[in-house]
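Start from the sequences and build out the full structure, keeping to the hints where you can.
Residue numbers (the numbering used here), protein chains in the order written: chain A, 117 to 405; chain B, 47 to 326.
These are computed hints drawn from the structure, not numbers from a lab.
Pairs of lysine-lysine, PhoX-like flavour, derived with a Cα cap of 25 Å:
no.	chain 1	residue 1	chain 2	residue 2
1	B	Lys216	A	Lys402
2	A	Lys404	B	Lys216
3	B	Lys216	A	Lys400
4	A	Lys213	A	Lys313
5	B	Lys177	A	Lys157
6	B	Lys52	A	Lys297
7	A	Lys266	A	Lys175
8	B	Lys150	A	Lys402
9	A	Lys175	A	Lys157
10	B	Lys52	A	Lys313
11	A	Lys253	A	Lys266
12	A	Lys402	B	Lys147
13	B	Lys147	B	Lys216
14	A	Lys313	A	Lys297
15	B	Lys242	B	Lys313
16	B	Lys313	A	Lys213
17	A	Lys404	B	Lys149
18	A	Lys402	B	Lys242
19	A	Lys181	A	Lys339
20	A	Lys297	B	Lys313
21	A	Lys404	B	Lys150
22	B	Lys271	B	Lys108
23	B	Lys96	A	Lys253
24	A	Lys400	B	Lys147
25	A	Lys312	A	Lys213
26	A	Lys312	B	Lys52
27	A	Lys215	B	Lys52
28	B	Lys242	B	Lys216
29	B	Lys150	A	Lys400
30	A	Lys181	A	Lys266
31	B	Lys242	A	Lys404
32	A	Lys402	B	Lys149
33	A	Lys339	A	Lys400
34	A	Lys215	B	Lys313
35	B	Lys149	B	Lys216
36	B	Lys147	A	Lys404
37	B	Lys52	A	Lys213
38	A	Lys400	B	Lys149
39	B	Lys313	A	Lys402
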Amino acid sequence: MDLKKNIGAYLFLLPAFIVLLVFFFIPFFQTIWLSFFSYSKDIYSPDFIFLNNYIELIKSPLFLKTIFNTFYFLILCVPFLVIFPLFLAILINQNIKCKNIYKIIIYLPVIISIVVVAIAFKWLYAPSGLLNFFIEKMGFNSIGWLSDPKISMISVAIVTIFKGVGYYMMIYLSALMSVPKELYEAAEVDGATGFKKHMLVTIPHIMPMIALVSTISSISALKVFVEIYVMTRGGPLDSTKTIVYYIYEKAFENLDLGLASAGAVILLFIVMGFSILNIFVFEKDKYKV
Amino acid sequence: MKIRIKNIFTHIILIFICLLSLIPFLWLLSTALKGRSENIFAYPPVFIPKDFTFDNFKEVLKLVPIIRYVINSFIVAASTVVLNVILSALAAYPLARMEFKGKKIAFFAILATIMVPFQTIMLPIYIITLKLHLIDSYSITAGYLGMIMPFAVNAFGIFLLRQAFLTIPKEIEESAVIDGCNSFQIFFKLLLPMIKPSVALLAIFTFIGSWGEFLWPSIVLTNEKLFTLPVGINNLSSAFSSDYRLVAAGSIVSIIPIVIFFLALQKYFISGSTEGAVKG
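Below, the structure written as C-alpha cells:
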C-alpha cells in the first residue's frame with residue numbers, strides 16, 4: 117500500500133520533472149560548468165581555466181559598467197513602481213464611477229508585447245518626435261532621449277515603468293480588498309481623514325505587499341533586456357548595456373560561452389538575494405510544505 | 047458636496063493617467079493612418095491625419111506575413127497553455143494532497159527554480175535545444191516544439207494550482223476513496239473540475255506571457271515562416287526603419303488580437319484575483 121501510494125505520487129510528478137530536468141536543472145549546472153572554460157581560442161576545444169573568467173569579468177571595465185548600469189536602472193524604476201501603482205490603487209479603490217474602465221485602460225500596456233511598447237516609445241522619443249515637441253513647447257531644449265548617454269537609461273526606465281504600472285496596481289488592488297472596513301471606520305471615529313487615514317490604516321496593513329512588490333520589481337529590473345534590445349542595443353556608448361545584454365552579446369554574438377556563463381552566474385547570485393527574501397519572508401505562506 | 051469635489055479631482059487624475067497609458071498607442075495609430083503626402087514629422091504634430099488612408103495597413107500586410115505571425119504566436123501560446131495546465135495540475139496534486147517519500151526534496155527542487163532567472167541559463171538551454179534537434183531548420187514541428195518546451199511548466203503554475211488543491215476540503219476526497227475511486231479518478235473527475243478558477247487564471251496569464259515572449263524565440267528562430275509576432279514586428283521595425291508609417295501600421299495590427307483577448311476576458315484581470323499569479 118505504501119509503495120503503491122509512493123508510485124502514484126511519482127507518476128503525477130514525472131512529466132513536470134522531466135521538463136524541469138531537461139530545461140532547467142541540466143542547463144543550470146551546465147551554466148556553472150561552462151563558466152570554468154575559455155572559448156576564446158577554439159570554440160570546439162575549450163580550455164579549462166577554472167575561475168579565470170570571473171577574474172577577467174571583475175577586471176573588465178565594460179562588465180563593471182553593465183553592473184553599474186543595471187543597478188542604476190533598478191534605482192530609476194523600482195521606487196516609482198512601488199509607490200505610484202499604490203497611489204493609483206488607492207484612488208481607484210474608492211467608491212467611484214467608471215472604476216472598471218480605468219482599470220482596463222491602465223492595465224492595457226501590461227498585456228501588449230514589450231516589443232510593440234518599445235517601438236511606440238522609440239517613435240515618441242524621435243529627435244523631432246512628439247515628446248520633444250512638448251518639451252520645446254514648455255520652453256526647454258529638445259532632449260536626445262535615446263542618443264544622449266546621460267539620458268538614455270532614464271528613457272529606457274520610462275518604458276519599463278509605463279509597462280509595469282498596471283500590473284503592480286492590480287496586485288495592490290487585490291491587497292486593498294483585504295483591508296477590513298472596520299479599521300477605516302475606527303480611524304474616522306478617531307478623526308483621521310483622507311491622506312492620514314491611509315497612512316494610519318492602509319499602508320501598515322498592506323506593508324507585506326509593498327515589500328513583495330519591491331522585490332519582484334527589483335528582480336524584473338535586474339533581468340531587463342527587450343526594451344534595450346529594441347530601442348538602443350546597449351548604446352549610446354554602452355550607456356544602456358545591462359548584465360543580461362552583456363550575457364546575450366557574449367553568448368550569441370561573440371560566441372564566448374565561458375565569459376557569458378560566468379556573467380550569468382554573477383547575475384544569478386545577485387538575483388538570488390532578492391528571491392530568497394521573497395520566498396522565505398514575504399511569501400512564506402504560499403510556499404509552505 | 048465635499049465628497050463630490052473630491053471625486054471630481056480623483057476622476058481628473060485617473061483620466062489623465064488613462065490618457066498617458068493610451069497616447070503611445072494612439073500616436074502610433076495616428077502615424078499609421080497618415081498617407082504618403084503627409085509629413086509624419088510635421089511641426090506642430092498633427093493628431094488627426096489630414097491625408098487619412100488605410101494604405102499603410104494594406105501595404106504592410108502585403109510586404110510582411112503578419113497573419114502568419116499571428117497564427118504562429120497562437121500555436122505557440124495555445125500549446126504552452128495546454129502543457130502548463132496539464133503538467134502543473136499533475137505535479138501540484140501530490141504536492142498538495144499526498145504523503146510520499148522525497149516530498150520535501152521535490153518541493154524544494156521546484157521552489158529552487160523560482161530563484162534562477164531564465165536569462166542566466168538560456169545559453170545551455172539553447173545548446174540542449176540544438177542537441178535535441180528542436181530547431182526550425184530540422185522541421186516546422188521541431189521549430190514550434192523548440193519555442194514551446196522550455197516554457198512547458200514552471201514553478202509559479204505548480205504552486206498556484208497547489209494552493210487551489212489545498213483549499214478543497216479533505217472530506218470530499220475521503221468520501222470518494224470510500225466509494226472506491228483511485229487517485230487518478232479522484233484527480234480527473236473530482237478535484238480538477240473544482241479548481242477551474244485557478245486553472246483559468248493560470249491559462250490566461252500563461253497565454254499573455256507566451257504571446258509577448260521575445261527573447262527566447264528570437265534566439266531559436268531562423269526560419270521566417272515560424273516567426274512569432276514579437277519577433278516579426280521587431281524584424282519589421284528594423285527592416286522598414288526609414289518608413290515609420292509601415293512600422294506603426296504593423297505594430298497596430300499586431301496588438302489587435304491580444305487586445306480583443308484581453309477585453310473578452312477582462313473580468314479575470316480586473317477582478318482582483320490576480321494576486322495568485324504574481325510572478326517574480
